[in-house]
Amino acid sequence: ASHQKSHMSENLFKCSRCPKAFQMESHMTAHKMTRPFKCLTCPKAFHSKCGLIDHERVHMTERPFKCP
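When we follow the numbering used here, the leftmost residue of the sequence shown carries the number 5, and every step to the right adds one.
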């Protein structure tokens, strides 16, 4: 069902700055270059929560994976 939605011509999220429109809000956020998810440890910011979560691993003292 969600794959079929990707073929629909109606875009739900219209940019207020230009004529572009997007089917996903995350694509609109990336288009606007807004980065609402800010790291609490350093000045970096991200347009998606998963980007922030991936980045936060950099600040962990214990690494989740070990080199062989």
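Read the hints as simulated data drawn from the structure, not as lab findings. The reader is advised that the hints may include incorrect statements.
Here are the simulated lysine-lysine pairs, DSS-like style, with alpha carbons at most 30 angstroms apart [as the list claims (entries may be wrong)]:
{"id": "1", "residue 1": "K36", "residue 2": "K24"}
{"id": "2", "residue 1": "K24", "residue 2": "K53"}
{"id": "3", "residue 1": "K24", "residue 2": "K70"}
{"id": "4", "residue 1": "K36", "residue 2": "K53"}
{"id": "5", "residue 1": "K70", "residue 2": "K53"}
{"id": "6", "residue 1": "K70", "residue 2": "K48"}
{"id": "7", "residue 1": "K42", "residue 2": "K53"}
{"id": "8", "residue 1": "K18", "residue 2": "K42"}
{"id": "9", "residue 1": "K18", "residue 2": "K53"}
{"id": "10", "residue 1": "K42", "residue 2": "K24"}
{"id": "11", "residue 1": "K36", "residue 2": "K18"}
{"id": "12", "residue 1": "K48", "residue 2": "K36"}
{"id": "13", "residue 1": "K70", "residue 2": "K36"}
{"id": "14", "residue 1": "K48", "residue 2": "K18"}
Now the in silico label distances, taken between C-beta atoms and shown as ranges [to be verified]:
{"id": "15", "residue 1": "C19", "residue 2": "C71", "range": "42 to 52 angstroms"}
{"id": "16", "residue 1": "P47", "residue 2": "K70", "range": "38 to 48 angstroms"}
{"id": "17", "residue 1": "R61", "residue 2": "P40", "range": "40 to 50 angstroms"}
{"id": "18", "residue 1": "P72", "residue 2": "A34", "range": "31 to 41 angstroms"}
{"id": "19", "residue 1": "P72", "residue 2": "H31", "range": "31 to 41 angstroms"}
{"id": "20", "residue 1": "H59", "residue 2": "F26", "range": "42 to 52 angstroms"}
{"id": "21", "residue 1": "K48", "residue 2": "F17", "range": "19 to 29 angstroms"}
{"id": "22", "residue 1": "A25", "residue 2": "P72", "range": "31 to 41 angstroms"}
{"id": "23", "residue 1": "F69", "residue 2": "P47", "range": "39 to 49 angstroms"}
{"id": "24", "residue 1": "K70", "residue 2": "A25", "range": "21 to 31 angstroms"}
{"id": "25", "residue 1": "I57", "residue 2": "M37", "range": "13 to 23 angstroms"}
{"id": "26", "residue 1": "L16", "residue 2": "P40", "range": "35 to 45 angstroms"}
Even for Gly, the Cβ is constructed at its ideal location relative to N, Cα and C.
Hint check results:
About 11 angstroms separates the Cα atoms of K36 and K24, which keeps this hinted pair within 30 angstroms; it holds. Taken as a hint, the K24 and K53 pair is honoured in the structure, with Cα atoms around 23 angstroms apart against an allowance of 30 angstroms. Pair hint K24 plus K70 does not hold up; C-alpha atoms about 44 angstroms apart against a cutoff of 30 angstroms. For the proposed pair K36 and K53, the alpha carbon gap of about 16 angstroms is at most 30 angstroms, so the pair holds.
A distance of roughly 25 angstroms separates the Cα atoms of K70 and K53; the hinted pair therefore holds under the 30 angstroms criterion. The straight-line distance between the Cα atoms of K70 and K48 is roughly 26 angstroms, inside the 30 angstroms bound, and the hint therefore holds. Taking the CA atoms of K42 and K53, the gap is about 9 angstroms. The hint holds against a cut of 30 angstroms. At roughly 25 angstroms between alpha-carbon atoms, K18 and K42 fall within 30 angstroms of each other, so this suggested pair holds.
With a CA separation close to 21 angstroms, the supplied pair K18 and K53 stays within the 30 angstroms bound. Restraint check for K42 and K24: the C-alpha separation of about 26 angstroms stays at or below 30 angstroms, so the hint holds. Note on K36 and K18: the hinted pairing holds, with a Cα-Cα distance of about 11 angstroms set against a maximum of 30 angstroms. With a C-alpha separation of about 17 angstroms, the suggested pairing of K48 with K36 holds against the 30 angstroms cut-off.
For the hint pairing K70 with K36, the CA-to-CA distance comes to about 37 angstroms; that exceeds 30 angstroms, so the pair is violated. For the hint linking K48 to K18, the alpha-carbon distance of about 27 angstroms falls within 30 angstroms, and the restraint holds. For C19 paired with C71, a C-beta distance near 44 angstroms keeps the hint of 42 to 52 angstroms intact. Take P47 and K70: their Cβ atoms lie about 29 angstroms apart, and the range 38 to 48 angstroms is violated.
The hint said 40 to 50 angstroms for the Cβ distance between R61 and P40, and at roughly 20 angstroms that hint is violated. For P72 and A34, the hinted distance range of 31 to 41 angstroms is satisfied, since their beta carbons lie about 36 angstroms from each other. Take P72 and H31: their Cβ atoms lie about 38 angstroms apart, and the range 31 to 41 angstroms holds. For H59 paired with F26, a C-beta distance near 24 angstroms fails the hint of 42 to 52 angstroms.
In this structure, K48 and F17 meet the distance hint of 19 to 29 angstroms, their C-beta atoms being roughly 25 angstroms apart. At roughly 48 angstroms, the beta-carbon separation of A25 and P72 lies outside the given 31 to 41 angstroms, and the hint is violated. The hinted range of 39 to 49 angstroms is not satisfied by F69 and P47, whose Cβ atoms lie roughly 26 angstroms apart. At roughly 46 angstroms, the beta carbons of K70 and A25 sit outside the given window of 21 to 31 angstroms.
Distance hint check: the CB atoms of I57 and M37 are about 20 angstroms apart, consistent with the given range 13 to 23 angstroms. Between L16 and P40 the beta carbons are some 19 angstroms apart, a value that contradicts the proposed interval 35 to 45 angstroms.
Violated hints, listed in ascending order, are 3, 13, 16, 17, 20, 22, 23, 24, 26; each of the other numbered hints is respected by the structure.
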